[in-house]
Amino acid sequence: MSNATSEPKRLRYNDGKKTALMLVDIQYDFLPGGALAVTDGDRILPVVYDLMDRFEWDLVVASAGGEFEAGVQSRLDASPSKVAVIRKGSHLDIDSYSAFADNAYLVFTDLPKVLYTNGIERLVVVGLATDFCVRATAIDSRKFNFETVVISDGVRGVFANREEAVLSELRSWGAKVETLREYENEAAS
Numbered sequence: 077m078s079n080a081t082s083e084p085k086r087l088r089y090n091d092g093k094k095t096a097l098m099l100v101d102i103q104y105d106f107l108p109g110g111a112l113a114v115t116d117g118d119r120i121l122p123v124v125y126d127l128m129d130r131f132e133w134d135l136v137v138a139s140a141g142g143e144f145e146a147g148v149q150s151r152l153d154a155s156p157s158k159v160a161v162i163r164k165g166s167h168l169d170i171d172s173y174s175a176f177a178d179n180a181y182l183v184f185t186d187l188p189k190v191l192y193t194n195g196i197e198r199l200v201v202v203g204l205a206t207d208f209c210v211r212a213t214a215i216d217s218r219k220f221n222f223e224t225v226v227i228s229d230g231v232r233g234v235f236a237n238r239e240e241a242v243l244s245e246l247r248s249w250g251a252k253v254e255t256l257r258e259y260e261n262e263a264a265s
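Count the sequence shown with our numbering and you get residues 77 to 265, in order.
Source of the hints: derived by calculation from the structure; they are not laboratory data.
By construction, the Cβ of each residue, glycine as well, lies at the ideal position given by its N, Cα and C atoms.
Just to be clear, a hint being listed does not mean it is correct.
[Said to hold, decoys possible] Simulated restraints, written as ranges between beta carbons of each label pair: (1) A180 x E262: 34 to 42 Å; (2) A180 x G92: 35 to 43 Å; (3) K94 x A241: 26 to 34 Å; (4) P122 x K252: 20 to 28 Å; (5) N237 x S150: 30 to 38 Å; (6) A146 x F220: 28 to 36 Å; (7) D186 x Q149: 17 to 25 Å; (8) R218 x G109: 29 to 37 Å.
[As the list claims (entries may be wrong)] In silico DSSO-like cross-links for lysine-lysine, where the CA-CA straight-line distance does not exceed 27 Å: (9) K85 x K158; (10) K85 x K252; (11) K93 x K158; (12) K189 x K219; (13) K219 x K93; (14) K252 x K94; (15) K158 x K219; (16) K158 x K189; (17) K189 x K94; (18) K189 x K93; (19) K189 x K252; (20) K252 x K93; (21) K94 x K158; (22) K252 x K158; (23) K219 x K94; (24) K252 x K219.
Given the sequences, and given the hints that come with them, work out the whole structure.
Structure follows, in structure tokens:
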């Protein structure tokens, strides 16, 4: 008899669609104490960790213009899923909120190519900040015709009073907005 312990089975949507977890800008600059801190931005971390630890993904994509939060970085390093890191925000004169392209759509990141090359059909989005980078990434995801799910307890906005309006806007673009529990229940059914 072997002494090896097996890792618990990871949750996965069983509808046959290839799914990627999109981690948007979960970096020190946007966490409490950072240069552009999002209030309560660290409260998304348990949800993000849960998605990374308990779910099976065809691809995990992380976007950033700075250094990833330590728990996210360690999970990326140890991920059993394929991982892609998308660097953005390198143009000095144009902001890059979306993980797909700069705000003027003059320069695209490798994200579209990475998603299409890996046959991804669904993007599950968490990160910072709801009203800027998450919003732009989710909208561009829909523009590229990916099924898009935003995990509402896995995002936080710069302006908390705009959070519901932004999530409503994302729904109008065709994105699903669900809590982690709702997504987990769908995956388990």
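Taking the hints in turn, this is what the structure says about them:
1. A180 x E262: 34 to 42 Å: 36 Å, holds
2. A180 x G92: 35 to 43 Å: 37 Å, holds
3. K94 x A241: 26 to 34 Å: Since the Cβ atoms of K94 and A241 sit about 31 Å apart, the hinted range of 26 to 34 Å holds.
4. P122 x K252: 20 to 28 Å: 21 Å Cβ-Cβ, so the 20 to 28 Å window holds.
5. N237 x S150: 30 to 38 Å: At 34 Å between Cβs, range holds.
6. A146 x F220: 28 to 36 Å: Since A146 and F220 have Cβ atoms about 31 Å apart, the given range 28 to 36 Å holds.
7. D186 x Q149: 17 to 25 Å: 20 Å, holds
8. R218 x G109: 29 to 37 Å: 33 Å, holds
9. K85 x K158: Distance of about 17 Å is within 27 Å: holds.
10. K85 x K252: Holds. K85 to K252 sits at ~25 Å (cutoff 27 Å).
11. K93 x K158: Distance ~16 Å between K93 and K158 Cα, so the pair holds.
12. K189 x K219: 14 Å, holds
13. K219 x K93: 18 Å, holds
14. K252 x K94: 17 Å, holds
15. K158 x K219: Given that 27 Å is the threshold and the Cα spacing comes to 24 Å, the pair holds.
16. K158 x K189: Satisfied, since the Cα-Cα distance of roughly 15 Å is no more than 27 Å.
17. K189 x K94: With a Cα-Cα distance of about 15 Å, the restraint between K189 and K94 holds, given a limit of 27 Å.
18. K189 x K93: Holds, at roughly 18 Å.
19. K189 x K252: 23 Å, holds
20. K252 x K93: 15 Å, holds
21. K94 x K158: With Cα atoms ~12 Å apart, K94 and K158 stay inside 27 Å; holds.
22. K252 x K158: 24 Å, holds
23. K219 x K94: Given pair K219, K94 holds - Cα atoms ~18 Å apart, limit 27 Å.
24. K252 x K219: With Cα atoms ~14 Å apart, K252 and K219 stay inside 27 Å; holds.
In summary, this structure violates none of the numbered hints.
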